[in-house]
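Just need the whole structure built from these sequences, with the hints factored in.
Quick mapping for you: the protein sequence lines, in order, are chains A and B. Numbering follows the working numbering, in which position 16 of the first sequence is assigned residue number 16; successive positions increment by one, without gaps. In the working numbering, each residue's number is its place in the second sequence (first place is 1) plus 471.
Source of the hints: derived by calculation from the structure; they are not laboratory data. Wrong hints could be hidden among the right ones.
Here are some chain B residues pointing at chain A (derived, C-beta under 8 Å) [stated by the list, open to error]:
| # | residue |
| --- | --- |
| 1 | 493 |
| 2 | 621 |
| 3 | 638 |
| 4 | 733 |
Counterexamples of contact, computed for chain A against chain B with all Cβ distances above 12 Å [what the hints assert, rightly or not]:
| # | residue |
| --- | --- |
| 5 | 101 |
| 6 | 104 |
| 7 | 110 |
| 8 | 116 |
| 9 | 159 |
| 10 | 195 |
| 11 | 218 |
| 12 | 316 |
For glycine and all other residues, C-beta sits at the position ideal for the given N, C-alpha and C.
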Amino acid sequence: MELEHTALSRRHFLGRLVVTGGMAVGASLLAACGQPSPPAAPTSAPAKPTAPVAAPTAAAAPTAAPAAAKPASGLKLTVLTHWGDQDQLTVLTPILQQYEQQTGVTIDHQTVAFDELLKRITTGRLGGPAPDIYHFYNLWMPDFVGSSLLQPPPTDVTADVKKSWSQGSVDGATYKDQIWGYPTEVNNYLLIYNKQLLQEAGVSKPPATLDELKEASIKATKKGADGKISQTGFLFLKGWDSGVVHPFTSLLWSNGGEYAAKDYSQVMFNQQPGLDIVSLETDIIKNGGADLGFQQADFVAGKAAMTIMANWWGAALRKGVPGGIQNVGVAPIPARAGGKSTPLQYNWLWGVDKNSKNSGEAWKFLQWLNSPQGSGSSPMGNYLTTGLNAIPSRTSDQQAHADVLNDAFVKPFVDALPNSRTEPIIPGAQEIKTSLQKQIEAAWFEQKEPKDALDTAAQDANRILKEKAQG
Amino acid sequence: MESVVGAAGSIERAGARRRRLPRRAAAGYAFVAPALVFLVLFALGPFVFTVYVSLHDWNMLTPVETMPWRGLENYRYLLLEDPLFRETFRNTVAFAIANVLITSVLSLGLALLLNTQVRARSLWRAIFFLPYITSTIAVSIVWNNLYHPSYGLFNGVLGLLGLPGQRFTSSVEQAMPSMVAVAVWLGVGYYMILFLAGLQAIPLDIYEAATVDGANSWQRFRWMTLPLLRPTLLFVAVVSTLASLQIFDLPFVLTLQGGPVNATNTVVLYMYQTAFNFTRMGRATAMAVMLFLVIFLITLLQLRLLRERE
Chain A
1 MELEHTALSR RHFLGRLVVT GGMAVGASLL AACGQPSPPA APTSAPAKPT
51 APVAAPTAAA APTAAPAAAK PASGLKLTVL THWGDQDQLT VLTPILQQYE
101 QQTGVTIDHQ TVAFDELLKR ITTGRLGGPA PDIYHFYNLW MPDFVGSSLL
151 QPPPTDVTAD VKKSWSQGSV DGATYKDQIW GYPTEVNNYL LIYNKQLLQE
201 AGVSKPPATL DELKEASIKA TKKGADGKIS QTGFLFLKGW DSGVVHPFTS
251 LLWSNGGEYA AKDYSQVMFN QQPGLDIVSL ETDIIKNGGA DLGFQQADFV
301 AGKAAMTIMA NWWGAALRKG VPGGIQNVGV APIPARAGGK STPLQYNWLW
351 GVDKNSKNSG EAWKFLQWLN SPQGSGSSPM GNYLTTGLNA IPSRTSDQQA
401 HADVLNDAFV KPFVDALPNS RTEPIIPGAQ EIKTSLQKQI EAAWFEQKEP
451 KDALDTAAQD ANRILKEKAQ G
Chain B
472 MESVVGAAGS IERAGARRRR LPRRAAAGYA FVAPALVFLV LFALGPFVFT
522 VYVSLHDWNM LTPVETMPWR GLENYRYLLL EDPLFRETFR NTVAFAIANV
572 LITSVLSLGL ALLLNTQVRA RSLWRAIFFL PYITSTIAVS IVWNNLYHPS
622 YGLFNGVLGL LGLPGQRFTS SVEQAMPSMV AVAVWLGVGY YMILFLAGLQ
672 AIPLDIYEAA TVDGANSWQR FRWMTLPLLR PTLLFVAVVS TLASLQIFDL
722 PFVLTLQGGP VNATNTVVLY MYQTAFNFTR MGRATAMAVM LFLVIFLITL
772 LQLRLLRERE
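In structure tokens, the structure reads:
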């Protein structure tokens, strides 16, 4: 009887385990929505007395941000960013405190890691009050706009952005003919190379054409006595959508191709210029110009001669590359013979939640943050250049920080901005990008022919575009 | 008269019992209430909501009440039109079969070994258990370097032995076996401890009797140890299958988001990507519901197969 009782309990236990385990699959997914991860480095400004503030919920764009600087004490703005590293906060927090002191407005700065940011924004409205202000990647705009997450800026903000930012950054903050906020950091992709490794390989100057890229990659690859590749000529970044698709798109544009139709009704990356690029990449791999086992850290460790990457990588390169940052060269994206080098750029921007009860004050804060002060730089420009080591997108900030931006590593990226094109901001862009990444990798790993891979990605992308268009 | 009084007394006692029963039942309900509330709030409620969302199209940015109804469209799409879902499902099943089989056999072997009078037995147990309590993320980063085709430790050792270097996680063919190896390394110590507990619950006098009857060590293992370990085997099979079918962290970090080319992408990782990268919560929850059904059926089958032999 005792044994029977034990067996019965065990069965019951296991039966419940099955049900609970299965439920856990669903529950964990939902729990992840409802309970955003705690901030990587929560940074709340000192609390101040609060009082209820009535501010209209603006659905349409007001004509102007409320005129300046009468302290509105007791009001609190919640700002969500992915800037939680201590180095970044050391510069950013005093700027936010300066605004608090000037206006009496409390800034509650919440931070999450970049990987968590989209999740935090999408779940923000489910789990209590959403932030008033978001700092976000421009690729997310179609989803945000389509779901009425963002409030259109006041007309004076829109006018300021149009006047004071380069066209690429204005395009990067625009969706459906509407500017959705203040552009902040801008990143573009160029050819980054290890000077010493190219020199040792007998490559006197960085490759300027696609053919030269293949030739230099093969020359710069080294094999050990055991036949294993000990140094890759070209480093293909894999397993990361932007690491695969941004270099591809830069090469595609520099080869005269297009990513998508102008009306975004269909993608075009599978046409001949795109096919040429993926074929070139697979040729480089097949001919021993690249080894797919190498990773981003291998370039930093001096085991890869060339790659295509963005300017934000500079901080890691400065810390790690043998021979220092002066051993790292930056060159335009190799183009077809006689073609124009056209790097991809992407932006981040500040936007205001459409449901924010403090939207007027939010825009006023953003206006202060992004407008030139006494030194000629905006507070945002100061933060981007000194706290984030990034390129500010406001033209006057670039001028005010010319000394920083004239750095040998950064300058080529700044100089390339006028020729850079913004990443296509299309509905379902993230999903399309991931699908394209997987298909390009399939070609690299010889799982598919380049044409088959690109056609599959295009078919997938066109289906996504159609679904998004149907709502 | 006495009998009337006695009858009345027994009626009163019966009535009092009836009145007391609900109070006792209420006390019982009160004791289980916290667990029930917990179950409803954190398991049943989210599960029902998951099923509800799976019948809709939702990106989490719009209010729940405005989700467009899609019926079974998300299920139809995943089953009939999404090759990646089928691929991730195949990967998940392949991973689960390999991981459960290898881990079970290895951990049982280790448990048998460490159940003998081997020297420094406690130290060995601790060494085998250590990986289980180590962060999977840290483990993945370390193994990623060990697997590096150029300067990884494993290819170094293969080179010393005069064997050709392998691509490991950089190869579409070798990525899955490489990931299974790490999963086995991580889990074997835990299941070994479970088997050890099971082995130590078997009375020694049974073995002594069998030895007296002339049973050799294989016969003792086959006809005594294994049948008596069946409850532990059942538990290990169910728990490791549940864990394997929900594998997420290893493909997320070790093979860089299920690569190369989705060779190690699993259902839960794809579910995560669909929900939080593509903001298609309806489709992701449909995957969760289907995975639940698969886990449910597989585990019922395991219970039935192992119970029939009892």
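Hint by hint, here is what the structure shows:
{"no.": "1", "hint": "493", "result": "violated (26 Å)"}
{"no.": "2", "hint": "621", "result": "holds (6 Å)"}
{"no.": "3", "hint": "638", "result": "holds (6 Å)"}
{"no.": "4", "hint": "733", "result": "holds (6 Å)"}
{"no.": "5", "hint": "101", "result": "holds (35 Å)"}
{"no.": "6", "hint": "104", "result": "holds (32 Å)"}
{"no.": "7", "hint": "110", "result": "holds (18 Å)"}
{"no.": "8", "hint": "116", "result": "violated (9 Å)"}
{"no.": "9", "hint": "159", "result": "holds (28 Å)"}
{"no.": "10", "hint": "195", "result": "holds (22 Å)"}
{"no.": "11", "hint": "218", "result": "holds (17 Å)"}
{"no.": "12", "hint": "316", "result": "holds (16 Å)"}
The structure is inconsistent with the numbered hints 1, 8, although it conforms to all the rest.
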